[in-house]
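Enquirer: Keeping their order, the protein sequence lines are chains A and B.
Start counting the first sequence at 739; every next residue gets the next number (the numbering used here).
Start counting the second sequence at 32; every next residue gets the next number (the numbering used here).
Please note that the accuracy of each hint is not assured.
As a list, the in silico DMTMM-like pairs of lysine to aspartate or glutamate whose alpha-carbon atoms are at most 20 angstroms apart [claimed, not checked]:
(1) K846(A) / E173(B)
(2) K846(A) / D340(B)
(3) K289(B) / D852(A)
(4) K846(A) / E160(B)
(5) K846(A) / E191(B)
(6) K846(A) / E858(A)
(7) K289(B) / D851(A)
(8) K289(B) / E164(B)
(9) K846(A) / E164(B)
Since the hints were derived computationally from the structure, they do not count as laboratory data.
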Amino acid sequence: MSGTLLIVDDEPHIRTLLEQSLEELEDAGVRLLSAVDGAEALATIRSERPDVVFLDVMMPRLNGFDVCAAVKSDPRLSGVTVVLLTAKGQEVDRQRGDEVGADLYLTKPFDPDDLLATAERLLGVH
Amino acid sequence: MVVTGEPSGVLPLRRLLPQRELGELLGAFAPLFPGATLRVLDPAGVILAEQRQERLSGAPLNGGSWEGPLRLGAATVGSLQVQAGALPAGGEPLSTSSSTAAAAALTATLEHALAGAALRRQLAAETLERYREVHLAYRLGEVLSAGLDPLRLPQRVLDEALRVVRSAAALVVLDEADGPRVAAAVGVAPDDVSVLEALRAARLAAAPGRSAIQVAEPAAGEFALRLWAPLRAGDRTFGGVLLLRPAGSEIFGAGDAKLLAALGAQAGTYVDNARLHQAAVEQARLARELQLAHEVQAQLMPSDLPRVDGWDVAAWWSAAHEVGGDFYDVTRQGARLDVTVADVADKGMAAALFMALSRSVVRASAGEGRGPGEVLTRANALLCADASDGMFVTVAHAQLFPGGAVRYANGGHAPPLVARSDGSLETLARTGILLGWDAAANYGEAGLRLAPGDTLLLYTDGVTEARSAAGEAYGEARLERLVRALVQDGAPAGELIATIRADVATFVGGREPFDDLTLLAARCTVACNGGHGGRSSG
Numbered sequence: 739m740s741g742t743l744l745i746v747d748d749e750p751h752i753r754t755l756l757e758q759s760l761e762e763l764e765d766a767g768v769r770l771l772s773a774v775d776g777a778e779a780l781a782t783i784r785s786e787r788p789d790v791v792f793l794d795v796m797m798p799r800l801n802g803f804d805v806c807a808a809v810k811s812d813p814r815l816s817g818v819t820v821v822l823l824t825a826k827g828q829e830v831d832r833q834r835g836d837e838v839g840a841d842l843y844l845t846k847p848f849d850p851d852d853l854l855a856t857a858e859r860l861l862g863v864h
Numbered sequence: 032m033v034v035t036g037e038p039s040g041v042l043p044l045r046r047l048l049p050q051r052e053l054g055e056l057l058g059a060f061a062p063l064f065p066g067a068t069l070r071v072l073d074p075a076g077v078i079l080a081e082q083r084q085e086r087l088s089g090a091p092l093n094g095g096s097w098e099g100p101l102r103l104g105a106a107t108v109g110s111l112q113v114q115a116g117a118l119p120a121g122g123e124p125l126s127t128s129s130s131t132a133a134a135a136a137l138t139a140t141l142e143h144a145l146a147g148a149a150l151r152r153q154l155a156a157e158t159l160e161r162y163r164e165v166h167l168a169y170r171l172g173e174v175l176s177a178g179l180d181p182l183r184l185p186q187r188v189l190d191e192a193l194r195v196v197r198s199a200a201a202l203v204v205l206d207e208a209d210g211p212r213v214a215a216a217v218g219v220a221p222d223d224v225s226v227l228e229a230l231r232a233a234r235l236a237a238a239p240g241r242s243a244i245q246v247a248e249p250a251a252g253e254f255a256l257r258l259w260a261p262l263r264a265g266d267r268t269f270g271g272v273l274l275l276r277p278a279g280s281e282i283f284g285a286g287d288a289k290l291l292a293a294l295g296a297q298a299g300t301y302v303d304n305a306r307l308h309q310a311a312v313e314q315a316r317l318a319r320e321l322q323l324a325h326e327v328q329a330q331l332m333p334s335d336l337p338r339v340d341g342w343d344v345a346a347w348w349s350a351a352h353e354v355g356g357d358f359y360d361v362t363r364q365g366a367r368l369d370v371t372v373a374d375v376a377d378k379g380m381a382a383a384l385f386m387a388l389s390r391s392v393v394r395a396s397a398g399e400g401r402g403p404g405e406v407l408t409r410a411n412a413l414l415c416a417d418a419s420d421g422m423f424v425t426v427a428h429a430q431l432f433p434g435g436a437v438r439y440a441n442g443g444h445a446p447p448l449v450a451r452s453d454g455s456l457e458t459l460a461r462t463g464i465l466l467g468w469d470a471a472a473n474y475g476e477a478g479l480r481l482a483p484g485d486t487l488l489l490y491t492d493g494v495t496e497a498r499s500a501a502g503e504a505y506g507e508a509r510l511e512r513l514v515r516a517l518v519q520d521g522a523p524a525g526e527l528i529a530t531i532r533a534d535v536a537t538f539v540g541g542r543e544p545f546d547d548l549t550l551l552a553a554r555c556t557v558a559c560n561g562g563h564g565g566r567s568s569g
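Sequences and hints are given; from them, build the entire structure.
Expert: And the structure:
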């Protein structure tokens, strides 16, 4: 097992795209999980302790910043790397992301190859 | 686009339907199989989802199990297994028609979900390709607009191409006036013959302006798998990107070709703009150099002509746009006046610099005790020692003595004219070859005597070779006719030159002169004892 990665996006199509871009990680033994909103994401993070979370920013119930802030303020979750998926050109998102302790950013529309390479790098999978 | 051998693979079931979805489907059907366990297995027999239904009511299924394939199109992607628990007394066997009908319904539902998932995946895959293209466009815009250096741009294009389509080797080719040139290469030497052959073959396989996937025989060289996409600006193709993989590796796919074509179309505009920009910069540089060359040349022309008694001298020079390297010079050596007209056989800054050198060398070689032949012999030796290869200059050099005596030497120059006031006309033949060619060359000289009113005219071939709108050359005959008439009319040197200028200008009709034009006239004004000097050779 080479770690666990959680995909969080409320938009089912984007979630499918993210999953499909990353599914070859499963061949390397990575466990791929997904969550459909911020609340489910936080619950999954707490129960499954993923190594990496690809976290959409704009979501109902609990948005990406809120989830990130909750994760980063919880010492038990210090091993979780949070990658925020921000919209292209939304520099303000990055400022906010920095405030809540996001580790990395990927802009949407994301480059599937970039996404996979980032996940591989963060999980130490080659 | 030529596509060959697209490999088809059947996706594993676990990729099509995640465990959660499978579990939900089995859970929905489980009540139809009381006491049984439902499983979905992959072709290797690995359990992907499992659902056990406790017997709540009704008769339990009896022992034994049922298993049927799960199909997606023609392919079997897994199986559904119904395993009954132990059969209590009076239990219903699994093989009853109601339970087989339920199993068939579950199978149909699972297969329907699989087909739906496969369609979603296909749509998602297409969307991901769009994502790649969109992202490629974003990246290219950022990366390529970061610098318009035409030397670095092809490497950037190559880096981006390799990012989107992994390959063993790659090159960017630009079509130049003298043929295609490899502007950047990764993984291969740009001059590798087999690679150039692969390039030629891949381009041949492509329709004009389109991308192409080519699978060559493995014997065709190290890189049998090729993907070509043109670099384009509008409808113009001016090169392309070639990606290479060795035989036996994964064949380039249609999606790869599409991406590379998108890259070629977008990067093409940048590369083209960079090339245009470079051409504009080069043009500006040439214009500056030309301006400088003009200044060098103009500064070397004498601003005031020295005067001696007995001679009326006038000169005129006009530079061609490209700077032809003409010069004239008039220096005083005691009571003698030395006149020179020369023409460097080149254009531009190089000609201007060589002209400056030639003028200095002729000046330095002249001296009171030296005849014109010796002056040219010395000047030639100095120029040959100094000059870079391929720079030559024709020189007509004359020494004007008080009273009308003239000694002259002609190093490959247009023969000067001597027009007499009686209407006769002579030309002063060459006494040696052009200067700068042969360091050992010797230059002869000759002499003649002018009577008052007789005029010596030195000129460069820019005058006689000036062209009319119809392409006709001004010519020696026209010049000689005009000079003869003017001298016969007693025209002073200045008037002679002004009239020739005006006549040449009328002849060319306002067109930009191709070459420099230089005229120098020396009219004898005071006679010496003995009248006309006869021609003598020396």
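Enquirer: Next, verify each hint and record whether it holds.
Expert: So, going through the hints one by one against the coordinates:
1. K846(A) / E173(B): Within the cut-off at roughly 16 angstroms; holds.
2. K846(A) / D340(B): violated, 91 angstroms
3. K289(B) / D852(A): Holds, at about 19 angstroms.
4. K846(A) / E160(B): It holds: about 14 angstroms lies between the C-alpha atoms, which stays within 20 angstroms.
5. K846(A) / E191(B): Distance of about 19 angstroms is within 20 angstroms: holds.
6. K846(A) / E858(A): Holds, because 19 angstroms separates the two Cα atoms, which is no more than 20 angstroms.
7. K289(B) / D851(A): Roughly 16 angstroms between the alpha carbons, so the hint for K289(B) and D851(A) holds.
8. K289(B) / E164(B): Answer holds: K289(B) to E164(B) is near 9 angstroms, not above 20 angstroms.
9. K846(A) / E164(B): At roughly 13 angstroms apart (the allowed maximum being 20 angstroms), E164(B) and K846(A) satisfy the hint.
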